[in-house]
Structure formats: C-alpha cells, structure tokens
Amino acid sequence: EAGVAQSPRYKIIEKRQSVAFWCNPISGHATLYWYQQILGQGPKLLIQFQNNGVVDDSQLPKDRFSAERLKGVDSTLKIQPAKLEDSAVYLCASSLALAGGTDTQYFGPGTRLTVL
Amino acid sequence: GNSVTQMEGPVTLSEEAFLTINCTYTATGYPSLFWYVQYPGEGLQLLLKATKADDKGSNKGFEATYRKETTSFHLEKGSVQVSDSAVYFCALSDSDTGNQFYFGTGTSLTVIP
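Sequence lines, in order, name chains A and B.
Position one of the first sequence corresponds to residue 1 (my numbering), numbered consecutively onward.
Position one of the second sequence corresponds to residue 1 (my numbering), numbered consecutively onward.
If we strip away everything but chain B, and leave its shape as in the complex, we get:
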C-alpha cells in the first residue's frame, strides 16, 4: 500500500542554520510527492511538489528532489529564518488511488534567533 514516513521531531535550529527533514515513501504506482507547511493556527499550504523521478521542487528557498532509487523526498533549506517555524508534512498522491493523499505525521520546526 501507500505510506509516508517522516523524520521525527521536534527540530530546533538557530537562525541561518541548514535544515534537512527526511521523508521516505512506499507507493504502488507512480506517485507525485509534496511538502506542505502548517503555520500555527492555519491550514496546510503547499510548499513544493515534484511529479516524477529526478524532479526538483523548490519554493521560498526550500528544495526537495524526487529520488525513486531511494524512495525519498527530503526537504532542505540552506539558511532558515525565524519565520520558517512551522510544522512540515510530506505527502504523496497516487493516481492509482484516485488522487488520495497520504500524509506523514509532520515535523515541527522551531527556529530561534
């Protein structure tokens, strides 16, 4: 079946530090992969996505590369800011299952000045 495994949190970093949040997946078909971000008190917002192997999604300084050989979609940012403090969710969508999304458990990130 389909599933997403995400790095356990919480993660606390100093401003300008390098961020990596690990995400691996299991899928029966050829999924699209997503990172969503949830700021305190708000709904989920799409951060970036990749729809096929070797694609790189990027937005707001965040990047993630779709690695089929390692079934991974790790999120990275070179220099985090306080405003990046949020919960990050990795997700997959598989056309074999009618665009149903499968979410990881989320990783809480706190960036301190």
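Bound conformation, chain A alone:
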C-alpha cells in the first residue's frame, strides 16, 4: 500500500515570496491533516479536512496561509507571502477516521521550507 506522498521535499524561498506544497493521502483515507513542525518542536496542527470540508483550521494563520482539498483527495497548502518564521517542515498526514472517532494518522516525509 502506498504511503502519504508529498512534494516538493525541499524548498528555499525569499521572504515575501509565495510557496505551495502538495499532498496525496493514502487511498481511501477520509481525513487529511497539515502540520507545521518547527525545528526542535513537535508537530502543530494547521488544518484538518474531512473529505473536502474543513473540520478545524483554528491554528491556521489565515492572513497568509490557505489550504484546499478539492474532490476530497489531494490537498495543497499555500503560504503567501512567506515570513522568516515560516521556516519549518510541513507534514501531511491522513487517517481513515470519520469525525468523532480516533484512528492512527499516517505521515508523509514532509516538505522542508527555508525562508531567507
């Protein structure tokens, strides 16, 4: 079974530029998550999708971050414009769980973003 795919693996941009990350979850997984992992810290949830709807985006900085999951499969996360403090690894995860249940989350390899 293929795992969670993410691209690109690495990205270096200048501050105030825009960047987009892509995620393809495990086939059949209804729930998709985007996390931000700053060096030396645990992952922090940015947004959670259930199929193509948003379940939780309370920690997403909506003035510069946006995410979508059209058709309930792939997802993109965008940052526009980027700031220095956005330098982090962006992790995508997916799970079978429907809302109200608990289930294992499976993580992709992440995209390491460096903002100069």
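Hints may be right or wrong, so weigh each one.
Claimed, not checked - One-sided excerpt, in silico: chain A residues whose CB lies under 7 angstroms from chain B: (1) Ala2; (2) Ala5; (3) Ser7; (4) Tyr10; (5) Leu45; (6) Gly110.
What the hints assert, rightly or not - Far from chain B, some chain A residues (derived; all Cβ distances over 12 angstroms): (7) Gln17; (8) Trp22; (9) Asp56; (10) Lys71; (11) Pro81; (12) Leu96.
To be verified - List time: in silico DMTMM-like cross-link candidates among lysine to aspartate or glutamate, alpha-carbon distance up to 20 angstroms: (13) Lys56(B) / Asp103(A); (14) Lys52(B) / Glu76(B); (15) Lys15(A) / Asp63(A); (16) Lys44(A) / Glu63(B); (17) Lys44(A) / Asp57(A); (18) Lys11(A) / Asp103(A); (19) Lys77(B) / Asp94(B); (20) Lys11(A) / Glu42(B); (21) Lys56(B) / Glu76(B); (22) Lys44(A) / Asp56(A); (23) Lys77(B) / Glu63(B); (24) Lys78(A) / Asp103(A); (25) Lys44(A) / Asp96(B); (26) Lys44(A) / Glu8(B); (27) Lys56(B) / Glu8(B); (28) Lys62(A) / Asp86(A); (29) Lys44(A) / Glu14(A); (30) Lys60(B) / Glu16(B); (31) Lys52(B) / Asp103(A); (32) Lys44(A) / Glu42(B).
Simulated from the structure, these hints should not be mistaken for laboratory data.
Glycine residues also receive a C-beta, built at the ideal position from the N, C-alpha and C atoms.
Starting from the known structure of chain A, fit chain B onto it as the hints suggest.
Here is chain B on its own, set in the frame of chain A:
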C-alpha cells in the same frame, strides 16, 4: 484542554542499555495514546499505540502501557541498538476533538556502539 508533556532530551545511551522516555498527558475525554518515531530526514512513523486504560502497545522491542491513574504512557526498551537513534514523539488523540492529535516536543535518542 489536551496536552502532552514529554521528557526533555537529548538522551545518549550505550548499545544494549535500558531505555525509558517519560510521557504524561492531560485530556478532557478518553484519549488514545501513541508513540511516533522520526528517523533523520524522514517523516513520522507510528511505533505503537494504546486505545484504552491498561492496554500495552508494543513493537520492535519497544513497549508502553496506558496508565490512567498516573496519566502516563512511558516508552521502554530493554536493550537499545544503534539503529534506534531517532526522535521519539508521544501523542494523544481525543475523540472529543475530532481525532486531532496533540504531540509532545519530542525526545532525541542517540545510541552509541
């Protein structure tokens, strides 16, 4: 609210030493508990999990027991190997909050030959 507190690192052990990484949690509901491992340059991989009190999760020689009375889920391994060098994250998932995961800050483990 929900949170996870993890033992500070880094931890350095000799090969075949005994490992304990402490993890305690706070939760509003009845959480499931997880240990994830992150090898250098890779994403998080599930190591083990426990879904209710007194359950023991185990995998690759690692074990952790869900202790509701002490709100703990400590990770143990009897004899570590160099290949166990990684960062270990304790996490909880609470059905009351739509399966959102709460992670600890991670504990870096280095095993030396």
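Cross-check of the supplied hints:
This hint is violated: Ala2(A) has a C-beta 14 angstroms from the nearest C-beta of chain B, more than the 7 angstroms allowed. Taking 7 angstroms as the C-beta cut-off, the interface hint given for Ala5(A) is violated, the closest approach to chain B being about 11 angstroms. With a least beta-carbon distance of about 13 angstroms to chain B, the hint placing Ser7(A) at the interface is violated under the 7 angstroms criterion. With a least beta-carbon distance of about 10 angstroms to chain B, the hint placing Tyr10(A) at the interface is violated under the 7 angstroms criterion.
At a threshold of 7 angstroms, the smallest CB-CB gap from Leu45(A) to chain B is about 6 angstroms, leaving the interface hint in force. At its closest, the beta carbon of Gly110(A) sits 5 angstroms from a beta carbon of chain B; the interface hint therefore holds under the 7 angstroms criterion. No beta-carbon of chain B is positioned within 12 angstroms of the beta-carbon of Gln17(A); the least distance is around 25 angstroms. Annotated as non-interface, Trp22(A) keeps its C-beta farther than 12 angstroms from every C-beta of chain B; the closest such distance is 15 angstroms.
Some Cβ of chain B comes within 12 angstroms of the Cβ of Asp56(A); the nearest lies about 6 angstroms off, and the non-interface call is violated. Taking the minimum C-beta to C-beta distance to chain B, about 21 angstroms, the non-interface status of Lys71(A) holds against the 12 angstroms cut. With a closest Cβ-Cβ approach of about 27 angstroms to chain B, Pro81(A) is found to remain outside the 12 angstroms limit, as its non-interface label requires. Listed as a non-interface residue, Leu96(A) fails to keep its Cβ farther than 12 angstroms from every Cβ of chain B; the least gap is roughly 10 angstroms.
Restraint check: the Cα-Cα separation between Lys56(B) and Asp103(A) comes to about 17 angstroms, which is no more than 20 angstroms; the hinted pair holds. This hinted pair checks out: Lys52(B) and Glu76(B) have alpha carbons roughly 18 angstroms apart, not beyond 20 angstroms. Restraint check for Lys15(A) and Asp63(A): satisfied, since their Cα atoms lie roughly 15 angstroms apart, inside the 20 angstroms limit. The straight-line distance between the Cα atoms of Lys44(A) and Glu63(B) is roughly 25 angstroms, outside the 20 angstroms bound, and the hint therefore fails.
For a cut-off of 20 angstroms, the pair hint linking Lys44(A) to Asp57(A) stands: about 12 angstroms separates their Cα positions. Distance check on the hinted pair: Lys11(A) and Asp103(A) sit about 31 angstroms apart at the alpha-carbon level, beyond 20 angstroms; violated. In summary, the hint linking Lys77(B) to Asp94(B) is not supported, as the alpha carbons are separated by about 26 angstroms, beyond the 20 angstroms threshold. Proposed proximity of Lys11(A) and Glu42(B) is supported: the alpha carbons are some 16 angstroms apart, at most 20 angstroms.
Pair hint Lys56(B) plus Glu76(B) holds up; C-alpha atoms about 11 angstroms apart against a cutoff of 20 angstroms. Between Lys44(A) and Asp56(A), the direct Cα distance comes to roughly 12 angstroms. Compliance with the 20 angstroms bound is thereby established for this hinted pair. Restraint check: the Cα-Cα separation between Lys77(B) and Glu63(B) comes to about 6 angstroms, which is no more than 20 angstroms; the hinted pair holds. Our distance criterion of 20 angstroms between C-alpha atoms is broken by Lys78(A) and Asp103(A), whose separation comes to about 27 angstroms.
This hinted pair checks out: Lys44(A) and Asp96(B) have alpha carbons roughly 18 angstroms apart, not beyond 20 angstroms. Simply put, Lys44(A) and Glu8(B) have alpha-carbon atoms about 18 angstroms apart, close enough for the 20 angstroms limit, and the pair holds. Pair hint Lys56(B) plus Glu8(B) does not hold up; C-alpha atoms about 23 angstroms apart against a cutoff of 20 angstroms. For the given pair, Lys62(A) sits about 13 angstroms from Asp86(A) by alpha-carbon distance, which is consistent with the 20 angstroms threshold.
This hinted pair does not check out: Lys44(A) and Glu14(A) have alpha carbons roughly 23 angstroms apart, beyond 20 angstroms. This hinted pair checks out: Lys60(B) and Glu16(B) have alpha carbons roughly 14 angstroms apart, not beyond 20 angstroms. For the given pair, Lys52(B) sits about 13 angstroms from Asp103(A) by alpha-carbon distance, which is consistent with the 20 angstroms threshold. Taken as a hint, the Lys44(A) and Glu42(B) pair is honoured in the structure, with Cα atoms around 17 angstroms apart against an allowance of 20 angstroms.
Hints 1, 2, 3, 4, 9, 12, 16, 18, 19, 24, 27, 29, counting from the list given before, are not met by this structure.
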